[in-house]
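Engineer: Spelled out, the chains give:
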Amino acid sequence: MDKTNGENLKESIQESPESAKDSLAAIENTMLRTRKAVAASYSSPLMILWGLLLTIAYASAYFYLKYAAVIFWTMAGAGTVGSLLVWSVLLRKIPFKEPAEEKINLRIWAFWWSLLLYIFIWLSLLAPFNGKQMNAFIITAIMFGYIIQGLWFTAYFMVRLGLFITAMTLIGFYLLPNYYCLWMAFMCGGAVLCTGLYIRLRWR
Amino acid sequence: MSKLDNIIHQPVRLRIMAALTALDPGEQMDFIYMRDLLKLTDGNLGAHLSKLEEAGYVKIEKTFVARKPRTFIIATGKGRDAFTEHIAALKQIIKDTQGQ
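Going down the list, the protein sequences come from chains E and U. According to this note's numbering, the first sequence is numbered sequentially starting from 339. According to this note's numbering, the second sequence is numbered sequentially starting from 40.
Because the hints were derived from the structure by calculation, they are not lab data. Just to be clear, a hint being listed does not mean it is correct.
Unchecked claim - Dumping the calculated EDC-like pairs for lysine to aspartate or glutamate here, alpha-carbon to alpha-carbon at most 16 Å:
| id | chain 1 | residue 1 | chain 2 | residue 2 |
| --- | --- | --- | --- | --- |
| 1 | U | K98 | U | D63 |
| 2 | U | K98 | U | E66 |
| 3 | U | K117 | U | E66 |
| 4 | E | K431 | U | E92 |
| 5 | U | K134 | E | E356 |
| 6 | U | K101 | U | D63 |
| 7 | U | K101 | E | D360 |
| 8 | U | K98 | U | D69 |
| 9 | E | K435 | U | E124 |
| 10 | U | K107 | U | D69 |
| 11 | U | K117 | U | E92 |
| 12 | U | K117 | U | E93 |
| 13 | U | K130 | E | E366 |
| 14 | U | K98 | U | D120 |
| 15 | U | K42 | U | E100 |
| 16 | E | K359 | U | D135 |
| 17 | E | K435 | U | E66 |
| 18 | U | K101 | U | D135 |
| 19 | E | K374 | U | D63 |
| 20 | U | K42 | U | E124 |
| 21 | E | K374 | U | D135 |
| 22 | U | K117 | U | D63 |
| 23 | U | K130 | E | D360 |
| 24 | E | K435 | U | D69 |
| 25 | U | K42 | U | D120 |
| 26 | E | K435 | U | D63 |
| 27 | U | K134 | E | D360 |
Note that the coordinates shown come from a computational prediction; the quantities given were computed from them, not determined experimentally.
Full structure from sequences and hints, please.
Structural biologist: Below you can see the structure in the form of structure tokens.
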């Protein structure tokens with residue numbers, strides 16, 4: 339940059355320091371909107387999908403408790419296939435492109451598959467337990483993954499959601515044992531769905 | 040002492056650089072998406088991007104995604120450094136003014 343131009347520019351801004359403040363505010367606002375837009379593009383379709391599935395699965399399990407295992411396994415299968423489909427569409431439509439050498443997508447997938455593998459290992463180590471214990475354990479472990487991913491990508495809405503659902507799971511587990519599945523349909527599935535919709539509508 | 044950059048200081052270019060540097064290094068933003076995000080026209084955004092590209096602050100990459108042409112923009116290392124320095128200079132001005 340030409341030094342004289344830079345100095346002239348600096349003098350003109352010093353005459354009006356308000357313009358320096360305005361510039362910084364514009365920068366902060368644009369960066370925040372961009373970060374939210376990135377979060378909306380990557381997270382919201384998957385959150386809507388999983389929020390819907392969780393709400394349906396928990397509500398179904400409340401009314402048909404003896405089929406709970408089948409319901410949740412069906413939900414997990416549908417969610418996995420659905421996530422792969424959504425992700426393949428996202429990769430074509432997403433307005434951001436990451437550097438090939440970074441392979442961020444692969445790292446995210448590796449993280450989640452590792453967490454799922456460890457959940458299965460811990461479940462086999464901790465058995466026997468009842469269905470409600472197993473469910474509460476899986477949900478809180480997945481929310482732990484949300485919190486870690488939120489901290490990793492500085493996406494604090496994921497941290498807040500992870501903490502909220504963990505707290506709601508504990509409340510449902512200890513204080514509302516007879517209504518646990520119904521409680522979780524609203525507080526877990528509903529929270530994920532509402533967050534996904536909010537992000538999609540407000541952050542794009 | 041940080042210096043202000045008169046290429047970046049123009050309000051539209053300032054927001055373009057803010058949007059690009061909010062992404063991870065190496066991550067690119069779609070032209071159409073940036074146009075909508077910053078509420079600009081194609082011509083306006085294109086003109087400002089050309090200025091930034093001439094200065095070596097951004098790189099424009101035309102590619103095909105699912106057989107459709109897409110244009111992606113990325114902030115270069117030089118651009119990120121200049122933007123960081125510009126922000127530091129703005130903060131310094133405010134600090135100096137408050138100190139007076």
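Engineer: Each hint should be assessed against the structure and marked as holding or not.
Structural biologist: The hints, checked one at a time:
1. K98(U) x D63(U): Given pair K98(U), D63(U) holds - Cα atoms ~15 Å apart, limit 16 Å.
2. K98(U) x E66(U): Measuring from Cα to Cα gives roughly 11 Å; hence the hint holds.
3. K117(U) x E66(U): holds (15 Å)
4. K431(E) x E92(U): violated (25 Å)
5. K134(U) x E356(E): Satisfied, since the Cα-Cα distance of roughly 12 Å is no more than 16 Å.
6. K101(U) x D63(U): Given pair K101(U), D63(U) is violated - Cα atoms ~20 Å apart, limit 16 Å.
7. K101(U) x D360(E): Given that 16 Å is the threshold and the Cα spacing comes to 33 Å, the pair is violated.
8. K98(U) x D69(U): holds (12 Å)
9. K435(E) x E124(U): violated (26 Å)
10. K107(U) x D69(U): holds (13 Å)
11. K117(U) x E92(U): Given pair K117(U), E92(U) holds - Cα atoms ~11 Å apart, limit 16 Å.
12. K117(U) x E93(U): Holds, at about 12 Å.
13. K130(U) x E366(E): This hinted pair holds, its Cα atoms lying about 12 Å apart.
14. K98(U) x D120(U): It holds: about 14 Å lies between the C-alpha atoms, which stays within 16 Å.
15. K42(U) x E100(U): violated (29 Å)
16. K359(E) x D135(U): holds (13 Å)
17. K435(E) x E66(U): holds (6 Å)
18. K101(U) x D135(U): Not satisfied, since the Cα-Cα distance of roughly 43 Å exceeds 16 Å.
19. K374(E) x D63(U): holds (13 Å)
20. K42(U) x E124(U): Distance ~6 Å between K42(U) and E124(U) Cα, so the pair holds.
21. K374(E) x D135(U): violated (32 Å)
22. K117(U) x D63(U): It holds: about 15 Å lies between the C-alpha atoms, which stays within 16 Å.
23. K130(U) x D360(E): Within the cut-off at roughly 11 Å; holds.
24. K435(E) x D69(U): Roughly 8 Å separates the two Cα atoms, so the pair holds.
25. K42(U) x D120(U): Status holds; Cα separation ~11 Å.
26. K435(E) x D63(U): holds (10 Å)
27. K134(U) x D360(E): Status holds; Cα separation ~14 Å.
In this structure, the earlier hints numbered 4, 6, 7, 9, 15, 18 and 21 are contradicted, and the remaining ones agree with it.
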